[in-house]
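Starting from the given sequences, assemble the full structure and let the hints guide the process.
Number of protein chains: 2
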Amino acid sequence: MIYNIVIKDVEIITEKNNEVYNIGITGNKIAYIGQEEITGTKTINGAKHIAVPGMVNAHTHAAMTLLRSYADDMMLMDWLENKIWPVEALMTKDDIYWGTMLATVEMLKSGTTTFADMYADMDKVAEAVEETGMRASLSRGLIGLVPDSAKKLQENIQLFKDWHGKDNGRIQVMMGPHAPYTCPPDYLKKVITAAGELGCEIHMHLSETQEEVNTCLKENGLTPIALMDKLGMFELGTLAAHCVHVTDNDMKIMAAKHVRVAHNPQSNLKLASGIAPIPAMLQKGITVALGTDGTSSNNNLDMLEEARLAAFIHKNQSKDPTVIPANTALQMATVNGAKALGFENLGEIKIGQKADIVLYDMNKPYWYPRYDRASLFIYAANASDAATVLVDGRVLLEKGEFLTIDIEKVYAEANKCALRLTK
Amino acid sequence: MIYNIVIKDVEIITEKNNEVYNIGITGNKIAYIGQEEITGTKTINGAKHIAVPGMVNAHTHAAMTLLRSYADDMMLMDWLENKIWPVEALMTKDDIYWGTMLATVEMLKSGTTTFADMYADMDKVAEAVEETGMRASLSRGLIGLVPDSAKKLQENIQLFKDWHGKDNGRIQVMMGPHAPYTCPPDYLKKVITAAGELGCEIHMHLSETQEEVNTCLKENGLTPIALMDKLGMFELGTLAAHCVHVTDNDMKIMAAKHVRVAHNPQSNLKLASGIAPIPAMLQKGITVALGTDGTSSNNNLDMLEEARLAAFIHKNQSKDPTVIPANTALQMATVNGAKALGFENLGEIKIGQKADIVLYDMNKPYWYPRYDRASLFIYAANASDAATVLVDGRVLLEKGEFLTIDIEKVYAEANKCALRLTK
Chain Z
1 MIYNIVIKDV EIITEKNNEV YNIGITGNKI AYIGQEEITG TKTINGAKHI
51 AVPGMVNAHT HAAMTLLRSY ADDMMLMDWL ENKIWPVEAL MTKDDIYWGT
101 MLATVEMLKS GTTTFADMYA DMDKVAEAVE ETGMRASLSR GLIGLVPDSA
151 KKLQENIQLF KDWHGKDNGR IQVMMGPHAP YTCPPDYLKK VITAAGELGC
201 EIHMHLSETQ EEVNTCLKEN GLTPIALMDK LGMFELGTLA AHCVHVTDND
251 MKIMAAKHVR VAHNPQSNLK LASGIAPIPA MLQKGITVAL GTDGTSSNNN
301 LDMLEEARLA AFIHKNQSKD PTVIPANTAL QMATVNGAKA LGFENLGEIK
351 IGQKADIVLY DMNKPYWYPR YDRASLFIYA ANASDAATVL VDGRVLLEKG
401 EFLTIDIEKV YAEANKCALR LTK
Chain A
1 MIYNIVIKDV EIITEKNNEV YNIGITGNKI AYIGQEEITG TKTINGAKHI
51 AVPGMVNAHT HAAMTLLRSY ADDMMLMDWL ENKIWPVEAL MTKDDIYWGT
101 MLATVEMLKS GTTTFADMYA DMDKVAEAVE ETGMRASLSR GLIGLVPDSA
151 KKLQENIQLF KDWHGKDNGR IQVMMGPHAP YTCPPDYLKK VITAAGELGC
201 EIHMHLSETQ EEVNTCLKEN GLTPIALMDK LGMFELGTLA AHCVHVTDND
251 MKIMAAKHVR VAHNPQSNLK LASGIAPIPA MLQKGITVAL GTDGTSSNNN
301 LDMLEEARLA AFIHKNQSKD PTVIPANTAL QMATVNGAKA LGFENLGEIK
351 IGQKADIVLY DMNKPYWYPR YDRASLFIYA ANASDAATVL VDGRVLLEKG
401 EFLTIDIEKV YAEANKCALR LTK
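Quick mapping for you: the protein sequence lines, in order, are chains Z and A.
Residues in the first sequence are numbered consecutively from 1, following full-length UniProt numbering.
Residues in the second sequence are numbered consecutively from 1, following full-length UniProt numbering.
FYI, nobody ran anything at the bench for these hints, they're computed from the structure.
A hint or two may mislead.
When chains are identical, the list treats them as one kind, so a pair holds in a single copy or across two.
To be verified - DSS-like, lysine-lysine: derived pairs with alpha carbons at most 25 Å apart: (1) K190 to K161; (2) K48 to K423; (3) K252 to K319; (4) K399 to K409; (5) K416 to K48; (6) K166 to K257; (7) K409 to K48; (8) K416 to K16; (9) K42 to K29; (10) K423 to K16; (11) K48 to K399; (12) K319 to K218; (13) K319 to K83; (14) K48 to K166; (15) K284 to K319; (16) K83 to K16; (17) K319 to K350; (18) K409 to K423.
See below:
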């Protein structure tokens with residue numbers, strides 16, 4: 001048979017030996033992995049490269065690229081109230097589009113093929129995802145404390161109707177209630193009811209800071225996790241970002257209700273929010289994925305940095321260097337992300353999986369010597385060596401060149417938007 | 001006048017505005033920075049690049065590149081006794097040379113121009129430094145508990161006589177007593193006496209783990225820092241690696257005796273050693289530099305990762321996101337490193353400074369938009385974008401191509417050494 005695409009002579013991250021393989025792709029799926037000679041309509045030379053599943057950024061606010069380096073090293077509320085929120089209030093649909101395009105360029109060039117986004121004007125984010133060919137789970141950020149909270153909910157409902165399952169299932173939509181401190185229980189009930197009617201899952205910031213938890217306990221007598229459970233949110237399926245300050249009881253609920261966690265270690269450190277008890281979550285069988293958060297609190301979209309940091313910081317936090325070995329960190333950045341976002345057959349280089357594959361150039365000093373590929377990738381490699389990127393069986397980046405994006409235009413337009421917003 | 005080298009139209013990390021500059025280099029020094037048209041024997045086009053001082057890796061074991069990915073995610077003593085030490089015992093001078101060459105390739109390609117190394121067979125390390133054109137402070141790792149401890153001390157003395165101040169001062173030599181738990185006080189007295197006679201400084205692992213401190217307290221009634229002070233080490237000038245578990249009294253001694261610290265945040269996390277109290281050290285006026293440690297406990301030599309992690313982890317540890325702002329992290333990775341290693345007029349892009357300059361390609365998504373250059377470099381950029389690297393006024397890497405190193409040969413030879421050592 002003739003495959004659509006054949007990747008020849010490539011090493012594979014999960015294989016233990018030094019051999020090279022041929023990968024055959026039919027439609028949007030991996031149809032062959034082996035060492036027989038196979039032919040394809042298109043052939044990609046994979047020599048000196050390693051195939052890794054496209055990474056999944058399980059929590060970000062893509063268009064915040066426009067605010068990168070605008071405000072750093074500040075106290076949280078000073079930063080939000082005096083820097084971030086005033087500029088965000090000025091953002092137009094055009095800004096969201098170009099900010100997201102800048103983010104897609106950065107993600108694809110660093111081996112991330114899927115992301116979960118929460119922001120405003122998500123129709124423009126969906127357009128960017130559709131055009132570039134990435135895979136995404138999109139949610140409209142919902143705030144209950146503002147006069148137009150009902151309108152925002154309506155926008156999220158419309159987003160679901162317009163985009164959920166579109167582009168061969170590349171785009172999915174969730175509801176995006178922002179956080180317990182911006183969404184009172186009455187508003188959350190409306191969100192949950194609407195989501196239940198649509199069959200739509202939830203993406204929400206939960207238990208990011210101790211202050212959030214304290215306030216929620218004071219106002220509701222429950223932790224944010226316990227409150228959401230009581231409101232029935234977790235019956236819908238929930239992607240919970242952060243979960244830094246969760247109790248043992250919270251984690252019991254999360255495991256029982258299959259809450260999926262997006263752990264954002266860099267953002268949590270940069271904003272001094274704390275370190276989430278990830279090893280305990282993994283032990284309880286909770287699906288933990290990784291996210292970058294927005295580029296104001298990171299300040300890039302490099303998922304390999306998150307995987308490396310997750311492995312390192314929890315070893316130290318647990319006083320045990322065997323915690324989160326390289327393979328676990330790799331799974332968190334890939335297949336766990338796919339599960340967390342609700343994409344099926346995604347996140348592994350296996351027959352039958354969706355063909356979201358990244359080929360990294362291994363002809364770099366930190367890829368020598370090669371005793372253990374997962375260790376090399378997680379602890380030593382550089383995400384910028386992503387040379388060729390496929391999403392859903394389609395080549396988006398080939399030998400460092402974008403096939404679907406005019407990057408010089410993206411840089412120029414995003415820069416123009418940013419300068420106008422902050423002048 | 002005609003400069004040796006002129007870098008034209010380049011942005012500079014420490015300049016606040018969006019303008020570009022011309023940098024004139026005479027001999028090994030920066031002789032001009034400004035916006036006048038100047039001419040040079042050699043001209044480098046700096047357009048779309050940013051000039052950053054070459055980073056200083058203040059603590060590593062370069063040849064351990066040969067053990068990269070050989071043994072990870074293990075308990076410390078299991079890792080050392082069953083994996084690292086048995087292989088190190090087999091290393092020949094040739095292995096040390098090629099392992100160090102692999103490290104120099106990796107460091108230069110990621111914008112590091114100077115390093116402090118402690119290992120065996122340091123004459124081969126010195127040869128690699130001399131050939132490649134890097135700048136380094138070298139020390140022979142000394143262990144007092146072995147039969148040939150006197151021979152090792154003699155090798156360090158000879159290393160000082162052969163190499164200290166060589167190559168226009170690019171190579172300096174320190175004494176390298178390994179650690180309190182491998183060097184008993186009697187041996188340290190011999191090392192200190194010999195160093196005092198030579199006028200040689202000390203590079204030593206100090207207070208890396210709580211266990212080390214506990215053992216030292218039990219055996220000597222003093223912390224490692226207080227013991228070294230009592231032995232007179234700090235009068236010589238000391239570069240102390242790690243200093244994770246130091247007391248307030250230790251830090252008072254370190255400040256008073258001008259002990260310089262090499263902070264290795266990634267290694268400390270990966271080996272679950274703890275988090276050093278760096279903000280307290282900085283507040284006390286202690287010079288804190290950054291290091292990668294060896295690539296078995298990191299697993300790369302990327303100094304920008306260390307600077308980023310130092311900024312992030314201490315914000316969280318201090319529960320204060322204003323701690324270690326981007327500029328401080330930048331200084332730790334550059335000028336503080338120069339001070340820690342004892343190199344004068346090094347680590348800043350200023351007239352009169354040594355011309356150790358790295359030009360990073362800014363035409364990358366994470367360099368947009370550009371509100372704050374130090375923030376962009378420390379929080380968002382990628383060290384692999386180092387395109388052109390000068391050390392001591394000499395171009396070693398130009399537009400990504402090495403002028404002094406045959407990298408394919410380095411990869412092949414280092415790989416061959418590694419496979420032989422571990423087969």
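Cross-check of the supplied hints:
When the C-alpha separation of K190 and K161 is checked against a cutoff of 25 Å, the pair qualifies only within one copy, where the shortest distance is 17 Å, while the shortest distance between copies is 78 Å. Proximity of K48 to K423 under the C-alpha cut-off of 25 Å is restricted to the inter-copy arrangement: shortest distance 22 Å between copies versus 46 Å within a copy. With identical chains, the CA atoms of K252 and K319 are at most 25 Å apart within one copy only, with a shortest distance of 23 Å there and 27 Å across copies. Proximity of K399 to K409 under the C-alpha cut-off of 25 Å is found in both arrangements, the shortest distances being 20 Å within a copy and 24 Å between copies.
In this homomeric assembly, K416 and K48 come within 25 Å of each other (Cα to Cα) only across copies, at 17 Å, whereas the closest approach inside a single copy is 39 Å. Proximity of K166 and K257 under a CA criterion of 25 Å is satisfied in neither setting, with 27 Å inside one chain copy and 66 Å between copies. Taking the shortest alpha-carbon separations for K409 and K48, only the inter-copy value of 16 Å comes in at or below 25 Å, while the best intra-copy value is 31 Å. For the identical chains of this complex, K416 and K16 are inter-copy neighbours only, at 19 Å across copies versus 47 Å inside a copy, given an alpha-carbon limit of 25 Å.
In this assembly of identical chains, the alpha carbons of K42 and K29 lie at most 25 Å apart only when taken from the same copy (15 Å versus 53 Å across copies). In the homo-oligomer, the alpha carbons of K423 and K16 lie at most 25 Å apart only across protomers (16 Å), although the nearest pairing inside one protomer, at 53 Å, exceeds that limit. Taking identical chains as interchangeable, the C-alpha atoms of K48 and K399 lie at most 25 Å apart whether they share a chain (12 Å) or sit on different chains (22 Å). In this homomeric assembly, K319 and K218 come within 25 Å of each other (Cα to Cα) only across copies, at 22 Å, whereas the closest approach inside a single copy is 33 Å.
Only between protomers do K319 and K83 lie at most 25 Å apart by alpha-carbon distance; the minimum there is 20 Å, versus 37 Å within a single protomer. For the homomeric pair K48 and K166, neither the shortest alpha-carbon distance inside one copy (35 Å) nor that between copies (39 Å) is at most 25 Å. Taking the closest pair of Cα atoms, K284 and K319 come within 25 Å of each other only inside a single copy of the chain (19 Å); across copies the shortest separation is 28 Å, beyond that limit. Only between protomers do K83 and K16 lie at most 25 Å apart by alpha-carbon distance; the minimum there is 19 Å, versus 49 Å within a single protomer.
In this assembly of identical chains, the alpha carbons of K319 and K350 never lie at most 25 Å apart, being 35 Å within a copy and 43 Å across copies at closest. Proximity of K409 to K423 under the C-alpha cut-off of 25 Å is restricted to the intra-copy arrangement: shortest distance 21 Å within a copy versus 51 Å between copies.
The structure fails to meet hints 6, 14, 17 from the earlier list, while all remaining hints are met.
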